[in-house]
Amino acid sequence: MLTVGGVISFRGLFNWLNPYVYVPTMLVAPIFQILLFVYIGRSAGVGTDAFYLVGNAVQYASIPCLFAMANTIAGERWTQTLGIVLSTPANRVALFVGRSLPVIANGWFVAMFSLFVGGWVLGVDLPVSAWPGIALTIAIASASCTGLGLLQAALALRVRSTAVLSNIVFGVLLVFTGTNVALDSLPEWMATAGRLMPLTHAIEACREVVAGASLSAVAPLLLREGLIGAVFAVLGLAALRWVEAESRRHATLELQ
Amino acid sequence: MRGFMRGARVLGVGWILQLKILAVSAFDGILNIIYPLFFATTALLMFRQSGDPQALVYAGLGAAVMGTWSAMATSASGALQGQRWQGTLELLVTAPTRVALAVLPITAALATVALYSLVATLIWGRVLFGIEVHIASPLAFAVALLVTLASLATFGFLLSVTVVRYRTGWALGNLLEYPGWLLCGFLVPLDLFPEWVRVIARALPPTWGMDAIRAAAAGLDPWFDIAVCAGLGVGYAALGAFLSERLIDSARRHATLALT
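Note that the protein sequences, when read in sequence, are chains A and B.
Heads up: the first sequence begins at 123 in my numbering, then just goes up one per residue.
Heads up: the second sequence begins at 1357 in my numbering, then just goes up one per residue.
Bear in mind the hints are in silico, worked out from the structure with no lab data behind them.
Treat the hints loosely; a few may be bogus.
[What the hints assert, rightly or not] DEER-style ranges, computed between Cβ atoms: (1) A:215 <-> B:1453: 55 to 61 angstroms; (2) A:134 <-> B:1605: 46 to 52 angstroms; (3) A:250 <-> B:1546: 34 to 40 angstroms; (4) A:134 <-> B:1575: 35 to 41 angstroms; (5) A:209 <-> B:1443: 51 to 57 angstroms.
[Claimed, not checked] Covered, in the sense of this in silico footprint (three residues per stretch, anywhere, with C-beta under 8 angstroms from a C-beta of chain B), are these stretches of chain A: (6) 159 to 173; (7) 206 to 214; (8) 298 to 309; (9) 360 to 373.
We treat Cβ as the ideally placed atom computed from N, Cα and C, and that holds for glycine.
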């Protein structure tokens, strides 16, 4: 259920595995997001290319993580298999955590690709010695963001327009997580909110690793990132259980 | 003259109908207004760091117009695929009028939603960031704005008919969003780009529209930019009309309109 079920559902539900979708939305779009903010930074005369490169590459992991987890529900509804899936006696934790594993791997790949290609395009020097730390940081970021995605999957049991929901959550993460404006430069309430969101600490840690910090130096940030992701994942699983029960009770599973 | 009036009526009725549909669409209606606000907020926060009030005004105006591109690039690319999903594409192309007159109202309605996005972002900038955009020539500003939106509608029309046989046209639209924001001079002066990038930027109507809007706001002469923007818009409309006949005829001849 955890591994085979997860992979099968990932292949079945996500139409972006089609290269005509995957390449433009997962591989090319993040490069342009990076370029957009690098050039806005240059235009405004603030930040460095490396600052925007790292922030946007890591933040873009949220696209595959959020959309894929919302699709865990919306995709099943679209193919009219949601009722069948939720009428099985499968363990729900194994079912949904299994579905999140390929999502984490995909989010990691998209962010790593964006960072590598974005760095190459912009000529930002990312030392070879930093890449293991970057890879670990981005893996934690993807997992943490997928935790938020699980909560979103629960909302998808009630919200019909999951694409709208995912886009809004993506936008909130873009503004609040220090992707393009360091937390110190944000209004205090925004910085406080940002510190409770996934990606914030991972972005900060990744910037430090790129600047030469060791993994042990950024371990507290990574621990906080992992903890936030775990809290969201637990909340998401609990919400999924509760909303599923409510949907059965009120016959609103298909939202028709 | 009768033919012109009939065409204008098809456009007008189609525009109102499509506007009603968009008004209740969470994705093409509501999100197209909200989504650019996140990027505008981020950009304004970045410009605020520079400490230059004039830079913030520059960004405030650019961020407001930025959303118009967003509404068009993403939604227009998927417009005909949306009709296909609803099962209305065949009805649209077999309507007893030119395909262009049936499709253009869709992108004209999207451009109208883009106007909402622009106004929303201007209000957002004023309320949250205290940005006061002084408009020195209101008439020229209004003309520049309307011409920009009209040329965006024709650009979107060209985009929508070009990808009619591309099943995942919406992905292409998603891809175009960032390059458009980058190239049209909304927040980044074209001087920062290499010459070959500037050539591409100059082929896009919003680049000229943005220049015209800034010039009108600053009290400079915007009419040349408005004229080029309008000319490009007409050019894209003519190309779109030509392609719509060719591509859709071809799709009908090869029975590939439904792409099933």
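Cross-check of the supplied hints:
no. : hint                                 : verdict
1   : A:215 <-> B:1453: 55 to 61 angstroms : 57 angstroms, holds
2   : A:134 <-> B:1605: 46 to 52 angstroms : 37 angstroms, violated
3   : A:250 <-> B:1546: 34 to 40 angstroms : 36 angstroms, holds
4   : A:134 <-> B:1575: 35 to 41 angstroms : 59 angstroms, violated
5   : A:209 <-> B:1443: 51 to 57 angstroms : 30 angstroms, violated
6   : 159 to 173                           : holds (count 10)
7   : 206 to 214                           : violated (count 0)
8   : 298 to 309                           : holds (count 5)
9   : 360 to 373                           : violated (count 0)
Checked against the numbered hints given earlier, the structure breaks hints 2, 4, 5, 7 and 9 and satisfies all the rest.
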